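Novice: Could you build all of it, start to finish, from the sequences and the hints given here?
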Amino acid sequence: MTLYPFSNSFGLTLILCLIIAFFMTPSTSNPLAQVCINSKNPRFCLDVFALNTYDSPYELTIVAINLTLATASKTIKKIHTLIDQIEDEHLIDIYNYCLNFYQFVIDYLRSTEERFLKEKQCVDVNDAGMTAQVNAFRCEKEFQRKWGYIYDSTLTKENKNLSIFGSIIVSATDLLYNSTLRKNS
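Count the sequence shown with mature numbering (1 follows the signal peptide of the UniProt record, and there is no 0) and you get residues -29 to -1, 1 to 156, in order.
A couple of the hints might just be wrong.
Derived DMTMM-like pairs: lysine to aspartate or glutamate, alpha-carbon spacing no greater than 25 Å straight-line [claimed, not checked]:
1) 91 x 30
2) 112 x 59
3) 11 x 145
4) 89 x 78
5) 45 x 123
6) 45 x 18
7) 89 x 30
8) 131 x 95
9) 49 x 78
10) 45 x 60
11) 131 x 111
Now the in silico label distances, taken between C-beta atoms and shown as ranges [stated by the list, open to error]:
12) 88 x 1: 22 to 30 Å
13) 91 x 14: 49 to 57 Å
14) 75 x 52: 18 to 26 Å
15) 8 x 58: 41 to 49 Å
16) 115 x 56: 19 to 27 Å
17) 112 x 22: 31 to 39 Å
These aren't lab readings, by the way, just hints derived from the structure by calculation.
Only a predicted model underlies this, so the values are computations on that prediction, with no experimental measurement involved.
Where a beta carbon is used, it is the ideal one built from N, C-alpha and C, also for glycine.
Specialist: Given below as structure tokens:
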């Protein structure tokens, strides 16, 4: 005799399918939920963005861009501080690479944000979000790049956050693009 009605594999599979279907069902009433569920870390996304309400994917995209810019700028300041505190030339090289990766993300986001605000084109912003994710990965991998030298990354948290914010931008611009298509059809 089974104590729990869903203890067999069929019952568990059915429940799992229902939960997945719930999260995959499009909802136009809550852009934040739609964006966060498609980001790399939905919990982080909800924690960061839940302080405000967002009426549109456009508004959410702008906030995501600004938060990503703030995060990347803060990391650049940290990298400068780290460079000033060390003498190891290999680590200085690594930090300089990371500095370039982060600066590129900032420059790219700023230029795409200007076009986004003027023309409401989201393709460039989506690319900038993907670039943020890639450059966060590249920075993290720089710490293992030097032959004969393996360094523990001191920027793991920052790289992870930049990657998550990049995924939020991509998710927000995807939602914006899809909502624009629905309006135009």
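Novice: Hints first: check each against the structure and report whether it holds.
Specialist: Verification of the hints:
Between residue 91 and residue 30 the CA atoms are separated by roughly 11 Å; this keeps the pair inside 25 Å, and the hint holds. Proximity of residue 112 to residue 59 is assessed by CA-CA distance (about 18 Å); at most 25 Å being required, the pair is judged to hold. Distance check on the hinted pair: residue 11 and residue 145 sit about 14 Å apart at the alpha-carbon level, within 25 Å; holds. Distance hint between residue 89 and residue 78 is fulfilled; the C-alpha atoms sit about 17 Å from each other, no more than 25 Å.
For the hint linking residue 45 to residue 123, the alpha-carbon distance of about 20 Å falls within 25 Å, and the restraint holds. Restraint check for residue 45 and residue 18: the C-alpha separation of about 19 Å stays at or below 25 Å, so the hint holds. Restraint check for residue 89 and residue 30: the C-alpha separation of about 14 Å stays at or below 25 Å, so the hint holds. A threshold of 25 Å between alpha carbons decides the hint, and for residue 131 with residue 95 the separation of about 22 Å falls inside it, so the pair holds.
For the proposed pair residue 49 and residue 78, the alpha carbon gap of about 18 Å is at most 25 Å, so the pair holds. Taking the CA atoms of residue 45 and residue 60, the gap is about 23 Å. The hint holds against a cut of 25 Å. Under the criterion of a C-alpha separation no larger than 25 Å, the hint pairing residue 131 with residue 111 is consistent with the structure, at around 9 Å. The supplied range of 22 to 30 Å is met by residue 88 and residue 1, whose beta-carbon atoms lie about 24 Å from each other.
A hinted range of 49 to 57 Å for the beta carbons of residue 91 and residue 14 is inconsistent with their spacing of about 30 Å. For residue 75 paired with residue 52, a C-beta distance near 20 Å keeps the hint of 18 to 26 Å intact. Range check, residue 8 to residue 58: Cβ separation about 46 Å, and the 41 to 49 Å hint holds. Separation of residue 115 from residue 56 is about 21 Å and conforms to the stated range, judged on CB atoms against 19 to 27 Å.
Taken as a hint, the range 31 to 39 Å holds for the pair residue 112 and residue 22, whose Cβ atoms sit roughly 33 Å apart.
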